[in-house]
Amino acid sequence: MQFLKLKNTLAFMRYRKPAMLFSLLLMCASIYTLYENKLQFGLDFTGGTLIEVGFKEAADLTKIRSVLDNNGYDDAVVQLYGSSRDVVIRLAERQGKKVELLGNEVLSTLKKGTGQEMDMRRIEFVGGSVGDELAEQGGLAMLTALICILVYVAFRFEWRFALGSVAALFHDVLLTLGLFSFLKLEFDLTVLAAILAVIGYSLNDTIVVSDRIRENFRKVREGSPSEVIDISLTQTLSRTFITSLTTLLVLGALFFKGGELIHGFSTALLFGVFVGTYSSIYIASSIALSLGISKEDLIPEVIEKEGEDQEQMMP
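In this text, residue positions in the sequence shown follow the numbering used here: the first is 1, and each later residue adds one.
Hints were generated in silico from the structure; no laboratory data involved.
Watch out, some of these pointers could steer you wrong.
[Unchecked claim] Here are the computed lysine-lysine pairs in the DSSO-like style, where the Cα-Cα straight-line distance is at most 30 Å:
(1) K219 - K295
(2) K97 - K56
(3) K111 - K97
(4) K112 - K63
(5) K56 - K112
(6) K38 - K257
(7) K56 - K98
[Unchecked claim] Per label pair, the in silico range of CB-to-CB distance:
(8) M142 - N37: 28 to 38 Å
(9) N37 - E133: 20 to 30 Å
(10) N8 - R122: 50 to 60 Å
(11) Y32 - F255: 48 to 58 Å
(12) R156 - A58: 52 to 62 Å
(13) S108 - D86: 15 to 25 Å
(14) K56 - L146: 48 to 58 Å
(15) R122 - E36: 28 to 38 Å
We treat Cβ as the ideally placed atom computed from N, Cα and C, and that holds for glycine.
Kindly produce the complete structure, drawing on both the sequences and the hints.
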């Protein structure tokens with residue numbers, strides 16, 4: 001089969017070096033903000049008490065923080081929760097004090113210090129040991145997923161594609177964590193679930209692209225590897241665009257209408273879909289090309305059967 005270049009083939013690989021440099025800068029920025037700001041772990045991981053308070057009027061967060069700080073709750077994290085009258089207060093675990101008693105003490109302190117009317121909406125407690133276990137198990141879940149993906153892609157396609165796929169997934173996870181650290185968004189179990197979903201989404205897109213690249217390497221007899229990859233990416237672009245668009249529509253509805261409880265979940269997925277689509281083009285494919293992928297690596301070897309030469313020589 002002769003090499004046929006599509007008229008509307010997009011030269012993705014022409015910009016792979018600037019794209020990889022841009023990604024490297026974003027990854028460095030994510031590492032820096034994770035080092036400086038850390039992740040704002042929710043009670044699922046840190047342990048402690050969560051108190052939701054409903055005010056009759058708009059709450060003054062600065063005054064609430066000052067009142068709590070002056071009354072021995074200097075570790076309190078105070079945030080609005082959905083509206084200007086709903087406030088969530090997070091406190092570190094306090095040994096020997098019951099949750100209900102702690103909630104009543106905080107509520108009494110706020111009423112006396114702010115002079116506003118309020119009521120307790122809910123109070124939750126998570127033990128510190130449970131939080132540590134969840135953090136450890138969540139990290140192991142992501143690590144296991146990456147290792148399994150590396151092994152699967154290496155067997156299914158080729159080791160260069162495997163390294164590219166894992167690098168793309170690492171890129172997606174790191175940038176998502178960097179976003180949460182930079183914006184100081186709460187990182188809880190729903191966000192962890194969203195990151196695992198991002199890994200699956202990005203991997204699916206990368207597998208589709210890799211499969212088309214392998215197919216075109218076997219069909220196309222002429223043309224450089226970068227040209228074959230450009231053709232493959234162009235052929236899968238419409239599928240990628242439609243899949244991403246429909247996913248974003250659903251996530252947009254969750255982000256704007258889903259409420260505060262799944263705000264972190266929808267934020268992680270929205271950002272993850274963007275970076276996952278980008279990484280399947282400019283990370284996974286670019287790394288495979290940089291490692292020297294060629295048609296010889298993907299064309300299956302022809303194994304001659306024993307005695308085949310003798311049969312061909314017979315008249």
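Hint check, failures only = 8 and 11
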